[in-house]
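Participant: Each chain is listed here by its residues.
Number of protein chains: 2
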Amino acid sequence: MSTVIQGKNYIGYSLSAENPYTFKAYVPVDDAYLKDDFHAASPGEVMRTMELAQKAFLEYAYIPPPQRANFLMAITEEILALGDELLERASLETGLPAVRLAGERARTITQLTQFADLLREGSWVEASIDTPIPDRLPAPKPDLRKMLVPIGPVVVFGSSNFPFAYSVAGVDTGPALAAGNPLIVKAHAAHPGVSDLTAQAVVKAAKRTGMPDGVFSMLYDDGFEVGASLVKHPYTKAVGFTGSFKGGMALYKMAQEREEPIPVFAEMGSVNPIIILPEYLKSNAENLAHTLAASVTLGAGQFCTNPGLVFVTNSDGLETFEKTYSEEILKTESATMLTAGICRNFYHLRDDILQQSGVTELALSGRTSESKTQSQASVAKVSGREFIENPKLQEEVFGPFSLLVVCDDAAELSLAISQLKGQLTTSVMGESEEIRRHTALFQNLSRISGRVIIRGVPTGVEVCPSMHHGGPFPASSDAKFTSVGRHSILRFVRPQSYQGWDNDLLPDELKNENPLGIMRLVNNKETRDTIQP
Amino acid sequence: MSTVIQGKNYIGYSLSAENPYTFKAYVPVDDAYLKDDFHAASPGEVMRTMELAQKAFLEYAYIPPPQRANFLMAITEEILALGDELLERASLETGLPAVRLAGERARTITQLTQFADLLREGSWVEASIDTPIPDRLPAPKPDLRKMLVPIGPVVVFGSSNFPFAYSVAGVDTGPALAAGNPLIVKAHAAHPGVSDLTAQAVVKAAKRTGMPDGVFSMLYDDGFEVGASLVKHPYTKAVGFTGSFKGGMALYKMAQEREEPIPVFAEMGSVNPIIILPEYLKSNAENLAHTLAASVTLGAGQFCTNPGLVFVTNSDGLETFEKTYSEEILKTESATMLTAGICRNFYHLRDDILQQSGVTELALSGRTSESKTQSQASVAKVSGREFIENPKLQEEVFGPFSLLVVCDDAAELSLAISQLKGQLTTSVMGESEEIRRHTALFQNLSRISGRVIIRGVPTGVEVCPSMHHGGPFPASSDAKFTSVGRHSILRFVRPQSYQGWDNDLLPDELKNENPLGIMRLVNNKETRDTIQP
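These protein sequence lines map, in sequence, to chains A and B. Each residue of the first sequence is one higher than the one before, starting from 1 at the first, in the numbering used here. Each residue of the second sequence is one higher than the one before, starting from 1 at the first, in the numbering used here.
This is chain A alone, in the form it adopts within the complex (with noise of 0.2 angstroms):
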């Protein structure tokens, strides 16, 4: 039983197609397009989307939390429904191979049941209570408690690299709707017909879980137009976006620029430094370039995490990691990279990196095809001082490239780590009494990253509540914000305080009785005691 792309608008629980123009889908494996139209989003529709989502908030934001997690719940039965169908989709549109995209779904899933969890159990809403006292002197206190309350529509863009678990049920979907704000979804023009079929799902599971007309909408554009006309309506009031920094930062200053300025989380990559101390280096030289170089040519390199820069000292066992490391590269099979776009950005930056003053290239694996979109890892090195003088080499190249930064000494490799920008990750590799010898470089990445990982690759982002997927700019627009797990829902909230309530009118989270049997903060105790009025 096959699900019929519709390549639609979708306004709340209605399709719509306004504009005549059209795009396709694109077959990066294939250099080919499928034949099914997608609508680019007039601006007529925009309006009227952003409409229906403001209605449809006042409702939403007080639907209680466990039948939000209902809906939550849904769309993960409505994607799975969806069956092979899906991966199929998502296998053609993006090239990335079938299992990879099982694991992404899985993830997806995890994610979202996750959120339902949270909802279900209910503490997530932070509430605090402080009872009053009337006969204080020299003035009463009066009673006060605060929970966390939705903000209002949450306009998302979907992520080329993640056709699931950042795109239309994902990690900024999730949380979006878990906190109680309708949902609007820029599909990404890559994947639009995973995006059609997932919109699908998501637009089942809120009908059948009773939510109001516009809690979700999703259109399309190949172009900047609908994105930007999103930002900038003035009932958006969050955007959540996983991309690239120029694009992030064109968000940004949009939302910026606005009458009433508004949050945009983007979380815009970075080239996650590994740091091989000496000692580490002479004892594991040939298991860490296996290691890294597995890291750097994952998926084509197409991660947020990928590792490009690899820092180590010009000490024992780097003879041996630098022939082990280009073997490996050698060996690397060309890859399917997600776009013909993608990919020539691929080859201009690296080119860019390898016409930079004292870079030589180690190695460049073989092409299977000369495709458009076919992938070539490779590393290059470059001296410390070499390094220290060109900003330039800090740039992400997105794909499997990294750069190996060869210091002269440990003064060298401190001084190349304090030029370093806001990441994502680092990492060093060392064992624990050797990073203890070198405690200031230490604290010095750690200035600089979102997590700090020892003796492990950034790839792999857990989604569990310890992750903190984010960090200083340019990393991220906001470090105070992850994108993945369950504090990221903190990105969609705000605080409330309610003064001198009548119990009956408090929402259920700061009733006296506590029926939600939450977790509170009472008189700055923690507590699911209830209060004796």
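Derived from the structure by calculation, the hints contain no laboratory data. Worth double-checking, as some hints may not be accurate.
Where chains are identical, the list cannot tell them apart; a pair therefore holds if satisfied intra-copy or between any two copies.
BS3-like cross-link-like pairs, simulated, lysine-lysine; straight-line CA separation at most 27 angstroms [claimed, not checked]:
| id | residue 1 | residue 2 |
| --- | --- | --- |
| 1 | Lys55 | Lys421 |
| 2 | Lys282 | Lys323 |
| 3 | Lys392 | Lys232 |
| 4 | Lys24 | Lys204 |
| 5 | Lys421 | Lys232 |
| 6 | Lys253 | Lys421 |
| 7 | Lys232 | Lys246 |
| 8 | Lys253 | Lys232 |
| 9 | Lys525 | Lys511 |
| 10 | Lys392 | Lys381 |
| 11 | Lys232 | Lys141 |
| 12 | Lys24 | Lys421 |
| 13 | Lys24 | Lys35 |
| 14 | Lys372 | Lys246 |
Dock chain B against chain A, hints included.
Facilitator: Coordinates of chain B only, in the frame set by chain A:
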């Protein structure tokens, strides 16, 4: 034993007065100036300040929180040691009565003490731990931990209306220091002497508790240049501000236009609407008039929570309410405002409102002198229809003025409410039953408010965990954060993840043995238990 006002810039532990340009402290009651000279900081002094702060950061960030707590408590001791001298100087420079200033100093001590307590208890870092599952398939689960870490130098602008509680050792500076960030204060030019004395207290406290040189600096300026240079400096990582919309937005724009945008937490005030429901008006007309008139004229109306708009419907009790309110305003004694500029602005903005179509003045209090700083309290009224049509009537008039908006009926009231911009607070005067019958109106109010008060006035900002002092734009630049209460520390931290760390390298907060005994989220459950490795 008197403390000498230095009038020089506090660059860490050094005094500096490179710039020959000086200004003097104004005495609003006398419309005169005090003798001391205050040196505006030079561009070179700004640079040195920021370099010292950055250097201090790498040390201060690693000072254990209990030691930072000692520092905060030492500040409270040194402030109290300044004795009446500090209150007298504050009274001279602000025109505020001694009893109000004594209360404000007490509040300031409370604020700092609460942060010291928070640091000593330790759970505020929101530690989270996910233990590893090495044999998980398809990939092992790594050891992941997370906590809040400081961000770097924080710049805070002292505010004009709270020389203690929102100034050198106030609601922005306290949590910035508590979080582990070096602090740079731009002293408010309206009370430089109080700022100077307080800075001396902070410096003494920092020295005697062994804090690094540069953990605290304070610079003077009676113009905009020093503030602008501080906001634009690349080492600055966040800005705290309480003041006007214009001032806050100027800083906000500046911060967004940096190569690395940084957050500006600007609390920009609001009109704090009061909504009186018809039945409640009928039975409480006189009381309400007394209460509201007292709230709006408190401290010459110089509070960001001053209630500037009062919504009523044309119904029983309105006449009594208007009459009593007007009588109360007429009886109000004229009061000294903080500066001649604030007073001039007050009359200017009030007159602007009075000149709008349909606005009529109901009462204007007398004036005891012709001084440039004497305010007259007043109240005006306008119809709901005129209010709906004229956004100008929503603008804040900082001072003892309020506008009564008289709506024809509940529908017009609802429409008027739906036009309101973001507010720090809104208050609803009605019994539970009557409020229930106005659910839509009530929900509309919630949507735009940081704090919703039932049967109470907005003035009086309780310092406790459940207080949210902030609100949707334009009340604050970032509705997610409060400037009052323990959660205000969240403005000056970011989460960081630690993956695969050796237990001995981890910060104490994340070690298996939980040496601080803090509450942590371990495998998604809150506990103070230790972890079996």
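Participant: Report the numbers of all earlier hints that the structure fails to satisfy, in ascending order.
Facilitator: When the structure is compared with the hints, numbers 11, 12 turn out to be violated.
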